[in-house]
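Trainee: The listed protein sequences derive, respectively, from chains W and U.
Under the working numbering, the residues of the first sequence are numbered 50 to 166, in order.
Under the working numbering, the residues of the second sequence are numbered 2 to 112, in order.
Each hint should be verified, as a subset may be incorrect.
Pairs of lysine to any residue, SDA-like flavour, derived with a Cα cap of 25 Å [as the list claims (entries may be wrong)]:
(1) W:126 <-> U:100
(2) W:107 <-> U:97
(3) W:98 <-> U:82
(4) W:98 <-> U:85
(5) W:98 <-> U:99
(6) U:10 <-> W:126
(7) U:10 <-> W:136
(8) W:98 <-> U:31
Please keep in mind that the hints were generated in silico from the structure rather than gathered at the bench.
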Amino acid sequence: AQSVAQPEDQVNVAEGNPLTVKCTYSVSGNPYLFWYVQYPNRGLQFLLKYITGDNLVKGSYGFEAEFNKSQTSFHLKKPSALVSDSALYFCAVRDPNYGGATNKLIFGTGTLLAVQP
Amino acid sequence: DSGVTQTPKHLITATGQRVTLRCSPRSGDLSVYWYQQSLDQGLQFLIQYYNGEERAKGNILERFSAQQFPDLHSELNLSSLELGDSALYFCASSVGAGPQHFGDGTRLSIL
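Using the sequences and the hints given, assemble the complete structure.
Mentor: Below is the structure:
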């Protein structure tokens with residue numbers, strides 16, 4: 050079955066330090082991978098996606114993610130964390146059982162990022 | 002602002018009742034997705050419509066139904082409500098299979 054795992058419920062990092070939020074996936078075929086962020090009382094905001102091409106994907110707000118096929122991982126990174134980055138982060142993979150104009154996503158359980166000043 | 006509008010923002014009702022949640026997608030987006038977010042189940046895909054037609058179905062209960070109208074807005078109908086249906090319900094829209102853009106959700110509380 051297709052799945053996404055976010056092994057850490059919470060990641061704590063000091064402001065100015067680099068951050069990594071981990072994601073691993075299990076999906077048949079080539080994965081379409083996404084990262085979303087959710088702030089309190091808001092919907093999810095799209096950060097970045099990987100479909101094909103360069104393994105390092107750059108997204109919004111200075112975030113980037115590294116696709117590693119051999120480790121089936123898609124970790125989210127940022128060189129220097131901001132307090133305003135504190136939020137809930139979701140990794141997602143497109144369900145490969147659907148195609149065409151369908152982008153049914155399978156989400157991980159989310160990782161709460163806490164950036165301390 | 003994602004451009005996706007959901008109404009109402011909050012809904013409080015009782016068990017056994019029926020409610021309708023409404024979603025207006027971003028201008029130009031033909032796909033509408035519905036999700037349920039709860040503490041115990043996480044973020045669960047319910048259903049997708051594309052240009053008025055059901056395209057994908059997830060963990061949607063038989064008591065729940067949805068539709069997408071010719072003007073592309075969508076409604077999610079929840080009936081015979083149970084305490085366990087209390088959750089945040091999100092709508093998202095996209096251009097075809099592109100990234101989804103989420104509304105701010107409807108918080109449903111069942112008393």
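Trainee: Does each hint fit the structure? Answer for all of them.
Mentor: Hints versus structure:
no.	hint	result
1	W:126 <-> U:100	20 Å, holds
2	W:107 <-> U:97	22 Å, holds
3	W:98 <-> U:82	36 Å, violated
4	W:98 <-> U:85	33 Å, violated
5	W:98 <-> U:99	10 Å, holds
6	U:10 <-> W:126	32 Å, violated
7	U:10 <-> W:136	21 Å, holds
8	W:98 <-> U:31	20 Å, holds
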